[in-house]
Amino acid sequence: MSTSAVIRARCPRGVATAEKWAGAPGRGLEAMGHIAVFVITAVGSIGHALRYYRREMLRLIAEIGMGTGAMAVIGGTVAIVGFVTLSGSSLVAI
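Numbering (the UniProt record's numbering), first residue to last: 1 to 94.
Hints listed in this document are in silico derivations from the structure and should not be mistaken for laboratory results.
Please note that the accuracy of each hint is not assured.
Unchecked claim - Here are the computed lysine to any residue pairs in the SDA-like style, where the Cα-Cα straight-line distance is at most 25 Å:
| no. | residue 1 | residue 2 |
| --- | --- | --- |
| 1 | 20 | 41 |
| 2 | 20 | 31 |
| 3 | 20 | 8 |
| 4 | 20 | 30 |
| 5 | 20 | 4 |
| 6 | 20 | 5 |
| 7 | 20 | 33 |
| 8 | 20 | 6 |
| 9 | 20 | 32 |
Unchecked claim - For each label pair, taking beta carbons as the anchor points, the in silico distance ranges come out as:
| no. | residue 1 | residue 2 | range |
| --- | --- | --- | --- |
| 10 | 3 | 49 | 37 to 45 Å |
| 11 | 43 | 84 | 45 to 53 Å |
| 12 | 50 | 27 | 44 to 52 Å |
| 13 | 24 | 4 | 18 to 26 Å |
As the structure is a prediction and not an experimental result, all values here were calculated from the model.
We put the beta carbon where it would ideally sit given N, CA and C, even for glycine.
Working from the sequences, and respecting the hints, build out all of it.
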């Protein structure tokens, strides 16, 4: 039996903790590598999307533009309804 096998058998929790701490920098670099590959792939696909899905891109941009306005309208409505409810309930309480 090797020394590392004996230590692993006698102190499994300590070895697991040591492996967790020793492997942390590698896991961080691996995650950054996955993110970098994703970003490069996404940015590289922008030209393809603009070329082949031009109409869909315009539709999505218009939908997002109107969506922001619609959310502002809904947010204002919620605030007004909340204020009216608060006022009405305070009058009932008095």
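Now for the hints, and whether the structure bears them out:
A distance of roughly 31 Å separates the Cα atoms of residue 20 and residue 41; the hinted pair therefore is violated under the 25 Å criterion. Note on residue 20 and residue 31: the hinted pairing holds, with a Cα-Cα distance of about 15 Å set against a maximum of 25 Å. Restraint check for residue 20 and residue 8: satisfied, since their Cα atoms lie roughly 14 Å apart, inside the 25 Å limit. For the proposed pair residue 20 and residue 30, the alpha carbon gap of about 15 Å is at most 25 Å, so the pair holds.
Restraint check for residue 20 and residue 4: satisfied, since their Cα atoms lie roughly 16 Å apart, inside the 25 Å limit. Only pairs whose Cα atoms come within 25 Å are accepted, and residue 20 paired with residue 5 is accepted, the gap being roughly 17 Å. Distance hint between residue 20 and residue 33 is fulfilled; the C-alpha atoms sit about 19 Å from each other, no more than 25 Å. The suggested pairing of residue 20 with residue 6 holds, with an alpha-carbon distance near 19 Å, which does not exceed 25 Å.
Between residue 20 and residue 32, the direct Cα distance comes to roughly 18 Å. Compliance with the 25 Å bound is thereby established for this hinted pair. Between residue 3 and residue 49 the C-beta distance comes to about 56 Å, which lies outside the given range of 37 to 45 Å. The supplied range of 45 to 53 Å is met by residue 43 and residue 84, whose beta-carbon atoms lie about 48 Å from each other. Against the hinted window of 44 to 52 Å, the Cβ-Cβ separation of residue 50 and residue 27 comes to about 36 Å, which falls outside the hint.
Under the hint 18 to 26 Å, the C-beta atoms of residue 24 and residue 4, about 20 Å apart, fit the expected range.
Of the numbered hints given earlier, the model fails hints 1, 10, 12; all others are met.
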